[in-house]
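So you can see what is in the structure, the chains are spelled out below.
2 protein chains.
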Amino acid sequence: MKTEILKYLKETKEYLSGQELCERLGVSRTAVWKVIRQLQEEGYQIEAVRNRGYRLTTSGDVLTEAELKSLLHTARAGQTLVILKETDSTNNYARKLADQGAADGTLVLAEQQTAGKGRRGRNWTSPSGTGIWMSLLLRPEFAPAHASMLTLVAAMAVKQGIAEITGLDCQIKWPNDIVLNGKKICGILTEMSTEEDSIRHVVIGIGINVNIESFPEELRPKATSLLLEAEQRFLRAPLVEAVLRSWETYYETYQSTLDMSLLKEEYNRSLASRGQEVKVLSPKGDYTGVSQGINDGGELLVEMPDGELREVMSGEVSVRGIYGYV
Amino acid sequence: MKTEILKYLKETKEYLSGQELCERLGVSRTAVWKVIRQLQEEGYQIEAVRNRGYRLTTSGDVLTEAELKSLLHTARAGQTLVILKETDSTNNYARKLADQGAADGTLVLAEQQTAGKGRRGRNWTSPSGTGIWMSLLLRPEFAPAHASMLTLVAAMAVKQGIAEITGLDCQIKWPNDIVLNGKKICGILTEMSTEEDSIRHVVIGIGINVNIESFPEELRPKATSLLLEAEQRFLRAPLVEAVLRSWETYYETYQSTLDMSLLKEEYNRSLASRGQEVKVLSPKGDYTGVSQGINDGGELLVEMPDGELREVMSGEVSVRGIYGYV
Numbered sequence: 001m002k003t004e005i006l007k008y009l010k011e012t013k014e015y016l017s018g019q020e021l022c023e024r025l026g027v028s029r030t031a032v033w034k035v036i037r038q039l040q041e042e043g044y045q046i047e048a049v050r051n052r053g054y055r056l057t058t059s060g061d062v063l064t065e066a067e068l069k070s071l072l073h074t075a076r077a078g079q080t081l082v083i084l085k086e087t088d089s090t091n092n093y094a095r096k097l098a099d100q101g102a103a104d105g106t107l108v109l110a111e112q113q114t115a116g117k118g119r120r121g122r123n124w125t126s127p128s129g130t131g132i133w134m135s136l137l138l139r140p141e142f143a144p145a146h147a148s149m150l151t152l153v154a155a156m157a158v159k160q161g162i163a164e165i166t167g168l169d170c171q172i173k174w175p176n177d178i179v180l181n182g183k184k185i186c187g188i189l190t191e192m193s194t195e196e197d198s199i200r201h202v203v204i205g206i207g208i209n210v211n212i213e214s215f216p217e218e219l220r221p222k223a224t225s226l227l228l229e230a231e232q233r234f235l236r237a238p239l240v241e242a243v244l245r246s247w248e249t250y251y252e253t254y255q256s257t258l259d260m261s262l263l264k265e266e267y268n269r270s271l272a273s274r275g276q277e278v279k280v281l282s283p284k285g286d287y288t289g290v291s292q293g294i295n296d297g298g299e300l301l302v303e304m305p306d307g308e309l310r311e312v313m314s315g316e317v318s319v320r321g322i323y324g325y326v
Numbered sequence: 001m002k003t004e005i006l007k008y009l010k011e012t013k014e015y016l017s018g019q020e021l022c023e024r025l026g027v028s029r030t031a032v033w034k035v036i037r038q039l040q041e042e043g044y045q046i047e048a049v050r051n052r053g054y055r056l057t058t059s060g061d062v063l064t065e066a067e068l069k070s071l072l073h074t075a076r077a078g079q080t081l082v083i084l085k086e087t088d089s090t091n092n093y094a095r096k097l098a099d100q101g102a103a104d105g106t107l108v109l110a111e112q113q114t115a116g117k118g119r120r121g122r123n124w125t126s127p128s129g130t131g132i133w134m135s136l137l138l139r140p141e142f143a144p145a146h147a148s149m150l151t152l153v154a155a156m157a158v159k160q161g162i163a164e165i166t167g168l169d170c171q172i173k174w175p176n177d178i179v180l181n182g183k184k185i186c187g188i189l190t191e192m193s194t195e196e197d198s199i200r201h202v203v204i205g206i207g208i209n210v211n212i213e214s215f216p217e218e219l220r221p222k223a224t225s226l227l228l229e230a231e232q233r234f235l236r237a238p239l240v241e242a243v244l245r246s247w248e249t250y251y252e253t254y255q256s257t258l259d260m261s262l263l264k265e266e267y268n269r270s271l272a273s274r275g276q277e278v279k280v281l282s283p284k285g286d287y288t289g290v291s292q293g294i295n296d297g298g299e300l301l302v303e304m305p306d307g308e309l310r311e312v313m314s315g316e317v318s319v320r321g322i323y324g325y326v
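Same order as they appear, the protein sequences are chains E and Y.
The first sequence lines up with residues 1 to 326 when you count with the working numbering.
The second sequence lines up with residues 1 to 326 when you count with the working numbering.
Quick caveat, the hints were computed from the structure, so don't treat them as lab data.
Ideal placement from N, C-alpha and C gives every residue a C-beta, glycine not left out.
Certain hints may be false.
[Unchecked claim] Straight-line distance between alpha carbons at most 27 Å, and here's what the computed DSSO-like set of lysine-lysine pairs gives:
#	chain 1	residue 1	chain 2	residue 2
1	Y	K85	Y	K10
2	E	K96	Y	K96
3	E	K96	Y	K85
4	E	K85	Y	K96
5	E	K96	E	K13
[What the hints assert, rightly or not] Part of the chain Y face toward chain E, derived, beta carbon under 8 Å:
#	residue
6	A31
7	K85
8	N176
9	M192
10	S193
11	E196
[As the list claims (entries may be wrong)] Computed list of chain E residues with no C-beta within reach of chain Y, every gap over 10 Å:
#	residue
12	Q100
13	Q112
14	S261
Let's have the full structure, built from the sequences with the hints guiding it.
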């Protein structure tokens, strides 16, 4: 009922009478009033005026199941929602749910992560209420070899979602970060569990710095938020919705070929440092070359000074732009 | 100390005096006596004769840390040992240990599995004390794409270990079973956890039916044990040792190329139904062709009636011999 009342409130610009709500939902005035109170407690600004009814003045930055469900238009992504006040890492939580049989498309969101994970055991700072810390559980039927590219697909969805909601034009730092003015605004961490040559599950963790006002000093040179870049606050739920909607579109395209052939052109247009020198940090020694964008397999092509084109796999290396960002 | 006393007992054909043991180990007679009692309780037949000392008359079928450590000659596999009376599945247990940071080479063994796993969620019957139910944890540094072939490498190690200890010449049913006279004697289940393009861990589960005297009626047409085939009992610990030793040899060869190029000839010599008709059960429809053995990538080559050579990936299909076994 909460989701329905929210939807009616959002659809109605003017006052929505309590009487009308009762009739539409077939419940008592007290029941409606109780839900309105709950919504107000969750952060919605709802005016209640005698003889006129209820009106949503502004949507607070509310990340609840009712709020998200009132917005979501996806087929699968987020259709099962788990929203937590706090967890160590939404990826860990989603992996546990996966082991218990959670469905394809299950989305785990937390207001705060106490041990958010980045690549290679690094931390991801995830303060309370100011970011989107979420993990999407997938159970694809394709072979494990195709899963590593899902990070690239997710990066495209995040870039697109951010553009739609904020107007900001981010770049993708191959393979798994979204950057703005050379600083990280989003990181993606994809984990997979396989059995023989089959995928048991994939968990795509997405962390977006939305309304973070300031970062610890050591992070300032390399991290930023949508608030800091756009100098305005954004509601998180519509951004989650936009990212998930974009995800489904890109994911469908990806699944039609199981490689980046149809997506690489768009990906490469968003690629940070493309055509510029990058430093590849490899266990077998570092080297410098010019980033030429990704190939169909999602590998980064790096042109060496002698013209040799190296295919860089994401598992083996870090790539740094020589200019612009770390 | 237990491992050392066991080693001395095994090395000495005649009686080993308590006095000598005390001196070698620098401990009291009482301490030695206590360990001897423990070993007897674990199933070792140890004679104690006044004025002569201790003698191991027969090694019982003991699967303990001390027993295995007294036999193992591996560099890594089994150097960390976890031996359980009972667990749901050694693979599940090993995966949990892996998440807690357990080392490469950690081996989990259980006397009994209450929910042993086969491929695609099937069960694996694992009665108490009569089989080898074990899982080997690996933390390889190569890319996830190379991990699916580890099942094939493990199958070679099991076949070799069984041959060495029992003289039985098993065949490999691609990709993950060992068969004898058309019936399963061993199943292998490889699971993997990845982060982006890196392997976090691989768990190779190996179940060997050693001294199982009889199977439930529904399993009789397709399962057998070393006891039933050889009409004699075998000690499990030496078989574990032989399999792990073979594993390390084959694994080293595999790692030198990260494909089956150096191993496929030997693999194909052991391959059940090679050169015979097999039925491939694929989600896109079943078909029949002649098995031509594996290629460098570990895929099974199946020759169609029109001469077309199909490369079959293990994740997608089941392959059944038309004759001989299910």
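Results for each hint:
Proposed proximity of K85 of chain Y and K10 of chain Y is supported: the alpha carbons are some 25 Å apart, at most 27 Å. With a CA separation close to 11 Å, the supplied pair K96 of chain E and K96 of chain Y stays within the 27 Å bound. For the suggested pair K96 of chain E and K85 of chain Y, the alpha carbons sit about 26 Å apart, so the restraint of at most 27 Å is met. The straight-line distance between the Cα atoms of K85 of chain E and K96 of chain Y is roughly 26 Å, inside the 27 Å bound, and the hint therefore holds.
At roughly 42 Å between alpha-carbon atoms, K96 of chain E and K13 of chain E are farther apart than 27 Å, so this suggested pair is violated. Violation of the interface hint for A31 of chain Y is found here, the shortest Cβ-Cβ separation to chain E being roughly 44 Å, above the 8 Å cut-off. Residue-level restraint check for K85 of chain Y is violated (minimum Cβ-Cβ distance to chain E is 24 Å; threshold 8 Å). For N176 of chain Y, the interface hint holds, since its Cβ comes within 8 Å of a Cβ in chain E; the closest pair sits about 7 Å apart.
Nearest Cβ of chain E to the Cβ of M192 of chain Y: about 5 Å, under the 8 Å cut. The hint holds. Of the supplied interface hints, the one on S193 of chain Y holds, with its beta-carbon coming within about 5 Å of a beta-carbon of chain E, less than 8 Å. Residue-level restraint check for E196 of chain Y holds (minimum Cβ-Cβ distance to chain E is 6 Å; threshold 8 Å). The non-interface label for Q100 of chain E is consistent with chain Y: the shortest C-beta to C-beta separation is roughly 13 Å, beyond 10 Å.
The claim that Q112 of chain E is not at the interface with chain Y holds, since no C-beta of that chain comes within 10 Å of its own (minimum 22 Å). Separation of S261 of chain E from chain Y is adequate, the least Cβ-Cβ distance of about 18 Å exceeding the 10 Å criterion.
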